[in-house]
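Numbering (our numbering), first residue to last: 1 to 85.
If you're looking for bench data, these hints aren't it; they were derived computationally from the structure.
Just to be clear, a hint being listed does not mean it is correct.
What the hints assert, rightly or not - Across the chosen pairs, the derived CB separations fall in these ranges:
hint : residue 1 : residue 2 : range
1    : Ala60     : Glu35     : 25 to 33 Å
2    : Gly55     : Glu35     : 20 to 28 Å
3    : Glu6      : Phe32     : 23 to 31 Å
4    : Ala41     : Val8      : 26 to 34 Å
5    : Ser20     : Gly55     : 17 to 25 Å
6    : Ala60     : Arg19     : 18 to 26 Å
7    : Ala11     : Glu35     : 31 to 39 Å
8    : Glu35     : Ser3      : 17 to 25 Å
9    : Ser33     : Ile56     : 35 to 43 Å
10   : Ser3      : Ser33     : 25 to 33 Å
11   : Tyr4      : Lys34     : 28 to 36 Å
12   : Gly22     : Met51     : 19 to 27 Å
C-beta atoms are modelled at their ideal positions from N, C-alpha and C, and glycine is treated no differently.
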Amino acid sequence: MLSYLELVELANGDIVLQRSEGDENPLVTIKFSKETREHIAGSALDVARAMVQAGIEAAAMPVEEDSFDDDIDDDDLEPDAKIVH
1 MLSYLELVEL ANGDIVLQRS EGDENPLVTI KFSKETREHI AGSALDVARA
51 MVQAGIEAAA MPVEEDSFDD DIDDDDLEPD AKIVH
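Hey, can you work out the whole structure from these sequences and the hints?
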């Protein structure tokens, strides 16, 4: 069976990427700050769509080890987090 994905804006302003069958566990959750939501008013779904598309394209590209920034203070990151530029 073919599964489709959809972007849905929730009542709290979060945007989730989920299976169209309504799976309770979203694949991705995008949370914009209040300031950002005000700045992109009316375009949140368009911005989220571009972010998801960029993520899919980036995931399809091979990763080079030297693309990770080793100068970041690891104490400020979540466990296993990496910053890519």
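Okay, the hints, checked on the actual structure:
1. Between Ala60 and Glu35 the beta carbons are some 32 Å apart, a value that agrees with the proposed interval 25 to 33 Å.
2. For the pair Gly55 and Glu35, the supplied restraint of 20 to 28 Å holds, since their beta-carbon distance comes to about 22 Å.
3. In this structure the supplied range 23 to 31 Å is violated for Glu6 paired with Phe32, their Cβ-Cβ distance being about 18 Å.
4. Between Ala41 and Val8 the beta carbon distance is about 18 Å. The supplied range of 26 to 34 Å is therefore violated.
5. Take Ser20 and Gly55: their Cβ atoms lie about 19 Å apart, and the range 17 to 25 Å holds.
6. In this structure the supplied range 18 to 26 Å holds for Ala60 paired with Arg19, their Cβ-Cβ distance being about 20 Å.
7. For the pair Ala11 and Glu35, the beta carbons lie near 20 Å from each other, so the given range of 31 to 39 Å is not met.
8. About 35 Å separates the C-beta atoms of Glu35 and Ser3, a value inconsistent with the hinted range of 17 to 25 Å.
9. The beta-carbon spacing between Ser33 and Ile56, approximately 24 Å, falls outside the hinted interval of 35 to 43 Å.
10. For the pair Ser3 and Ser33, the beta carbons lie near 31 Å from each other, so the given range of 25 to 33 Å is met.
11. For Tyr4 and Lys34, the hinted distance range of 28 to 36 Å is satisfied, since their beta carbons lie about 31 Å from each other.
12. The hint said 19 to 27 Å for the Cβ distance between Gly22 and Met51, and at roughly 22 Å that hint holds.
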